[in-house]
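Note that the protein sequences, when read in sequence, are chains A and B.
Throughout the first sequence, residue numbering follows the working numbering, covering 213 to 560 in sequence.
Throughout the second sequence, residue numbering follows the working numbering, covering 6 to 389 in sequence.
No lab work stands behind these hints, which were simulated from the structure alone.
Yeah, the Cβ is synthetic: ideal placement off N, Cα and C, and Gly gets one too.
A portion of the hints provided could be inaccurate.
[To be verified] Label pairs and their calculated CB-CB ranges:
1) B:Pro75 <-> A:Tyr512: 32 to 40 Å
2) B:Arg313 <-> A:Glu437: 24 to 32 Å
3) A:Arg443 <-> B:Glu147: 25 to 33 Å
4) B:Ala118 <-> A:His439: 37 to 45 Å
5) B:Asp279 <-> A:Glu478: 22 to 30 Å
6) A:His439 <-> B:Arg134: 40 to 48 Å
7) B:Arg281 <-> A:Glu437: 44 to 52 Å
8) B:Val192 <-> A:Phe448: 29 to 37 Å
9) A:Glu437 <-> B:Arg285: 34 to 42 Å
10) B:Gln126 <-> A:Glu437: 48 to 56 Å
11) B:Gln199 <-> A:Arg443: 41 to 49 Å
[What the hints assert, rightly or not] Now the stretches of chain A that chain B is said to cover, found in silico as 3 or more residues with beta-carbon under 8 Å:
12) 425-437
13) 461-474
14) 484-495
15) 500-510
16) 543-550
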Amino acid sequence: MQLGMTWEAMIETALAPPLDFTLPEVPFSSTWLAEQGLGAWWFPDFAPEELIARLWASAVGRLPAPGLPGWLREWYGWSVSLGRALVWLPLPGTAAAGELARSQPALVTVLGGDAEGVSRVPVAWGRPSPKLAGMAGPVLASKVSRLCLWEGETVIVPQGLGAVERKEGLAMFPLDYVEPVDFQRYAVDGRAVARARATGALLWGAWLWGAAVAGLLLARRRLLERHQFGRPLARFQATRHQMVDLAVALEPQADLFEAALRAYQEGPEDFIQRANLAAARAMRLSHQVLKACALFWGGYSFLQDYPPSRYTLATRIFEPVAGEAHDLEEEAIGTLSRSEGKAGESQL
Amino acid sequence: MRSVALAALKASWDGGWPFDRLELKLREEVRGFVGEWARRGPLWWQVGNQMVPGFYRELARRGWIGLHWPPALGGSGMSRVATALLLEELNYGLAPDGGLIPAVAFLGDLLLACGTPEQQQRWLPRLARGEVVASLGLTEPEAGSDLAAVSTRAEPREEGLEVWGEKIFTGLAHQADVAIVLLRSEVQVEDRHQGLTVCLVDLHQPAVGVEELKTWGGWRQNRVVFQGAKVSWDEVVGEVGQGWQVLTTLINLERSAIARIGLIRRLLEETWPDHREGTRDWLRLWQEAEALRLLNYRMAQAWDLGKRVRPFQGSLLKVRAAQLLDEVIDLVRDRFGLMGFAFNRSPEMAQILDAVERNRALFTIGGGVPAVQKDAIAKFGLNL
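Isolated chain B (complex conformation) (with noise of 0.2 Å):
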C-alpha cells in the first residue's frame, strides 16, 4: 500500500453493502489465503485461465468451491453474495483461480437449476470436493454469438447420443474432465432455437481430440473434435431439443459471474495517482467500479432470494464489466505509456500489466460479444 489515502479509500468502499457476519468473516479468510498464495505462485496472469492444480485443491478443502450450494450436495450452504465475494477477491489477488467459475457457475449451478435430482448427486459433491473439473463447450468455428447456429451433431443412439463436430475456445478443455456441450440434435426444425440439446461429455475417452490453441497474451485455450464420442440418457441436462432453454439458464449464469470487479479494483489500485492532477479521472472510474461491484452483489441477491433473473439482466452486468475493464486499461496504458509495460515500478507488475493488456479482447468477448448482449438488453429490457 503506498498511499494514506488510498488505504482510507479502500476500507470505506469495503462497506457499503449489509455483509453478513459469515460473509464478512469469508472475506478475511480469503484475504489471508490469497496473501499466503501470492509469496508461493504462480499467479492468475502467468496461467491466465487454466486451473492449477495445488490451488484448485486448496479451494476445495477450504470448501469454497460450490460455497452456496446446499451443505446435502456437498456445498458449504452460504449466500451467492459470499460466492460474488470469493471470486472478487480471488480475482483482487491475481490469485489462479481457474476452474472455479466453471465448475461453480456453469456446471454445478446449470444442474442447480435444470439438473435432475440424480444428476445433482452424481455430480456436486464431487465438483466441490475438486475431484472433477468441468469446461464449457459453447462456441464453433461458424458459431460465435449465435449460438442457435452450432452444428455439431448428437445423434440418437440406444444407450445414448454419439457425438460428432467440433469446439473452439473450450478454455479448460484440456484440463478438464467433462465439458458442458450445446448440439443439434435435429436438424428440420422450423425454428433454429428448436432441436438443440445440453449434455455433458466426458472427455476422457478416446473419441475426443483437444489441440491447443494460444492466445495472445500466451494463455492456452482449445479446440476440441468429437468423433463420435458417446453421451448416455442419464447426462442430458434438460430434455432431448429443449437445449435452448437450458442455454438461456447457462450463459445467463456465467454472465452474472465474470464480473472480473476484483481485477478492476486492483489495477485502479496500481494506477493511483501519485499527483493530484489525474485524480478526478481515477475518482470517476472508481465510482464505476463501486457501482459495478454493488451491482453484483444486488444480483447474487437476486439470485439467492430466488427471484427470477432474467437473462437480460445478466447482458446487462456483463456489458457494463467488460467496458469497465476496457476503460481501466485504457487507463493503464496512458498512465504508464507501452514502455511502462517494461518499466513499471516493479518486473512483476509490469508483466502482469502486459498480460492484462493483451487479453483484453479475451476480456471483453468471454461469455457473449458486447453487440449481442446490446442487442438483448434493447430487445428484453428496454422493449424496444
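The shape of chain A in the complex, shown without the other chains (with noise of 0.2 Å):
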C-alpha cells in the first residue's frame, strides 16, 4: 500500500483497480508449478502479486469474485497447506472444479452468503449440517464449530471433513466420496514443497492482514460513534494510542510482502524465509489488532455476531489452514539450524 494514504483510502485503493501494487514481474508460472508437482491443478499466468491484493481486497470486506478477471474467476481458489503439499481450489460451479472433481477429489470446498451478504453456516467437524444445501459460494470449515460467512468467501475444509453441495449445477461430493489425498506424489522434492507452502503462506498472510486493518477500522467507527463518559471513545487517550500502536504495526507489512515477492527472484531459501516469516508476523499482529478490537466493543464482544467477530473467525481458521505462525517460525528457526550445520528441527 502507498505511504500517505488514511486507512481508508487504503482500502479504496485495494478495491479499486488499478491495483496499488506495483511489484516487480515474479516468474511463477505453469513451468514452475509443474516443477513442485502442483502443475494441474494451476492456472496459466497467475499474478501473485495480482492475487495478494485481490485477497486484502476480499479480507475488507468485498465479495471477491466478481472484481476478479476471466481467468481467476475461473481458478479462483485458495492455497491449502495440509501436510505437506500446497493445494489450490478452483471455484465451484466452474469448469476448473469439474476437471479438480474428476481428478482428485481431494478437499472439498462448502459454501454459503445469503443474500443479505452474510449468513451463519454452523459447520461441524465431518458433519455439514443440513443447513448448508442450497447455498452457493465457497465456505471452509475448520476446528471451529460455527462460522459467519460473507457471500462468496472461500473456506476450505480438509479432507474427509466436509462436503461440496449441489446448487444449479454445482458438483457435489458427498463425504463418501472423499478420498484421501496421496501427499506423497506432490513432494518431490523438500525445498519445492517448502516453497510452494511459503506461497501459500503468503497468501493467506496478506488475507489476515487485510482482515486485521478490516477489523481495526471497524474499530475506528466504534470510538468515534460510541459514548462514554460523555464523550466519544476516540477522545481518550489510552484508546488513542491503543489504535496507533495497531495502525503503526500494520503499515509495513505490506513491505514485508513485497520484499518476499522480490526474494523470489534471488534464490528459494531466501524467499521461503522471507514468505513464512511476513505471513507469521501478519498472523500475529491479526490477533493482536482483533483482540483489542473485541475490547473496543466492550460486552459486545461476547456476542457472537458483533461487527470483527467475522475477521476474528476467520483467523482462527485461516491462520491454521496457512501453517500456524508458531510453524512457520520453527521452520524458519529449521532453516537457519541447518545452515548452521547443527541438527535442524524444521517441519519438512
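Could you fit the two chains together into a complex? Lean on the hints.
Structure follows, in C-alpha cells:
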C-alpha cells in the first residue's frame, strides 16, 4: 500500500483497479508449478501480486469473485497447506472445479452466503449441517464449529471433513466420495514443497493482514460512534494510543510481502524465509488487532455476531490453514539451524 | 561474525529492496570506510552525537554530506534512499556520525524545502564541503513537546531580528557554527501557532552563550542562552510569523532521519542466541527490524518521488523505531544481565551496550516524545 494514505483510502485503493501494488514481475508460472508437482491444478498466468491485492480486498469485505478477471474467476481458489502439499481449490461450479472433481476428489469446498450477504453456517467437523444445502459460494470449515460467512467467501474444509453441496449445476461430493490425498505424490523435493508452502502462507498472510486492517477500521468507526462518560471513546487518549500502536504495526506489513515477492528472484531460500516470516507476522498481528477490537466493543464482543467477529473467526480458521505462525517461525528457525550445521528441527 | 546462520540471514536481508547499482556501490564503500575507521576510532558510543572533526572531514571529502542534494548545490545528486543507506551503515558500524543528520536532514533539507534560492546557495555547498556544522534549537526549559509554547523572543530591528531567551538540549551547539532556532516573534496572537519564526542564528557571536549538560550516558548536551543575538533578515527561513509551517516540515524531516535502523540491527546481531532457545523471540525482533528498514526506505523513496509526506508519517516511523530500539535494548539486558554490561564477550562490547542502555531515554525522546507523536498519528493519520 502506498505511503501517505489514510486507512480508508488504502482500502478504496485496494478495491478499485488499477491496483496499487506495483511489484516486479515474479516468475511464477505453470512450469514452475509443474516442477513443484502442482501443475495440474494451476492456472496459466498466475500473478501473485494481483492475487494478494485481491485477497486483501476480499479480506476487507468486498466479495471476491465479481471483481476478479475471467481467468482468475475461473480458477479462483485458495492455497491450503495440509501436511506437506500446497493445494489450490478452484471456485465451485466452474469448469476448473469439474476438472478437479474428476481428477482429484481431495479436498472439499462447501459454501455459504445468502441474499443479505452474511449468514452463519454451522459446520461441524465432518458433519456439515443440512443448512448448507442450497447455499452457493465457497466455504470452509475447520476446528471452529461455527462460521460467519460473507457471500462468496471461500472456506476450505480439510479432507474428509466436509462436502460440496449441489446447487444449480455445482458438483456435489458426498462425504463418502472423498478420498484421502496422497501427499507423497507432490512431495517431490523438500525445498520445492517448502517454497510452495511459503507461497501459500504468503497469500494467506495477506488475507489475514487485510482482515486485521478491516478490523481496525471497524474499531475506528466504533470509537467515533460509541459515547461513554459523555464523549466518544475516540477522545480517550489510552484508546487512541492503542489504535495508533496497532496501525503503526500494520503499516509496514505490505513492505514485508513485497520484499518476499522480490526475493523470489533471488533464490528459494530467501523467498521461503521471507514469506514464512512475513506471514507469521501478519498472523500474530491479526490476533493482536482483533483482540484489541474485541475490547473496543466491550460487552458486545461476548456475542456471536458483533461486527469484527467475522474477522476474528476467519483468522482462527485461516491461520491453521496457512500453517500457524508458530510453525512458520519454527520452519525459519529450522532453516537457520541447518545452515549452522546443527540438527535442524524443521517441519520438513 | 560468529555464526554461519547469522551471516546467511544478514546476506539475505541486505536485499528486499530494489536498490540501484549506485546505491549498492555506495553501501559497499560505506562499509569499507566504516570498517577501516573502526580500527582508528573514536566510535559513536564514545562520543555520542558529537561531531568528530576527522570523521566529518572524511564524510565531506567523499561527498556523503548532502548525498541527495542536487550537484549544483554541492550535493552528489543521489537518492534519499542512498542517504538512508548511508545513515544505516554508519549506525551499524557505530561510526561517529555526529553532525551529519543536523547538516543534512535539518539544515540542508529544510532549506531545500523552505529556503530561498539565495539561502540554498549560501548554505548547502558549504555544508556539503563540511565547512559548516549545524545544530537544532527547538526545545526550551518550558517548551518540550509543546513547541508552540516557545518563549525565546525575536525582536524586530532595522537590520534584522534580535534574539532573547534560552534553548535546551541542543546537542551540537558547542561545536556548531549555526543553529536553526524557533522563536516567538509576536506575543499577542489569537492562535499560539501564529507569530512564530524560524531563523538561522550564528553561534559565534558574543551574545550567544553555550553551557554543557551531561547525559546519563556521558554524552554532551547543551543549554544555549541568547542575549540579544543578531540575525539578519536573509537568515529567516520562510516568512516572519509563519514559523509553524516551516517547523512542521523540519520535524518531519527530522523524524524521517532518526530511525537508527543500523543500531537496531547491530544490537540484534550482538545478541544472536547461541542456543536454539530464544531464537524465536530474536527472530521476531529481527523481522520487526526488517519491517522498519523497509518502511524507512519507502519513506525516503516517497520524498524522492516528490510525494507529499505528511507529518504523521514521519511520526509513524519515529514511534515504531523508538519502540523497537527499546525492545531490543530490553533484549540486550535480558540476555546479558546487568552484570553482562561489565563482563561481556569483549570489554569494548560491554561499553557499547552500557552506553546504549544508559542513553535509551535519549533515543526514545529525541525527535519528540512518543505519546505526542501518537496523538498526531491518531488525529491526522486515523482521523480519530
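Now for the hints, and whether the structure bears them out:
1. Hint check: B:Pro75 to A:Tyr512, Cβ distance near 57 Å, so the stated range 32 to 40 Å is violated.
2. Take B:Arg313 and A:Glu437: their Cβ atoms lie about 30 Å apart, and the range 24 to 32 Å holds.
3. About 29 Å separates the C-beta atoms of A:Arg443 and B:Glu147, a value consistent with the hinted range of 25 to 33 Å.
4. Restraint check, B:Ala118 to A:His439: a C-beta distance of roughly 41 Å satisfies the suggested window 37 to 45 Å.
5. Distance hint for B:Asp279 and A:Glu478: a CB-CB separation of about 28 Å, consistent with the stated range 22 to 30 Å.
6. The given range of 40 to 48 Å is broken by A:His439 and B:Arg134, whose C-beta atoms sit roughly 60 Å from each other.
7. A beta carbon spacing of about 48 Å between B:Arg281 and A:Glu437 agrees with the range 44 to 52 Å that was offered as a hint.
8. Judged by the Cβ atoms, the range 29 to 37 Å given for B:Val192 and A:Phe448 holds: they are separated by roughly 34 Å.
9. Checked against the given bound of 34 to 42 Å, the beta carbons of A:Glu437 and B:Arg285, roughly 39 Å apart, stay inside it.
10. Range check, B:Gln126 to A:Glu437: about 54 Å between beta-carbon atoms, so the 48 to 56 Å window is met.
11. A C-beta distance of roughly 28 Å is found between B:Gln199 and A:Arg443, which places it outside the suggested range of 41 to 49 Å.
12. Counting residues of the region 425-437 of chain A whose beta carbon lies closer than 8 Å to any beta carbon of chain B gives 3, which reaches the threshold of three, so the coverage claim holds.
13. Proximity of the region 461-474 of chain A to chain B, defined as three or more residues with a beta carbon under 8 Å from a beta carbon of that chain, is established by the 9 residues found.
14. For the region 484-495 of chain A, the stated coverage by chain B is satisfied: 6 residues place a CB nearer than 8 Å to a CB of that chain, which reaches the threshold of 3.
15. Beta-carbon proximity to chain B at under 8 Å applies to 0 residues in the region 500-510 of chain A; the threshold of 3 is not reached and the given coverage is violated.
16. Look at the region 543-550 of chain A against chain B: 4 of its residues bring a Cβ nearer than 8 Å to a Cβ of that chain, three or more, so the hint holds.
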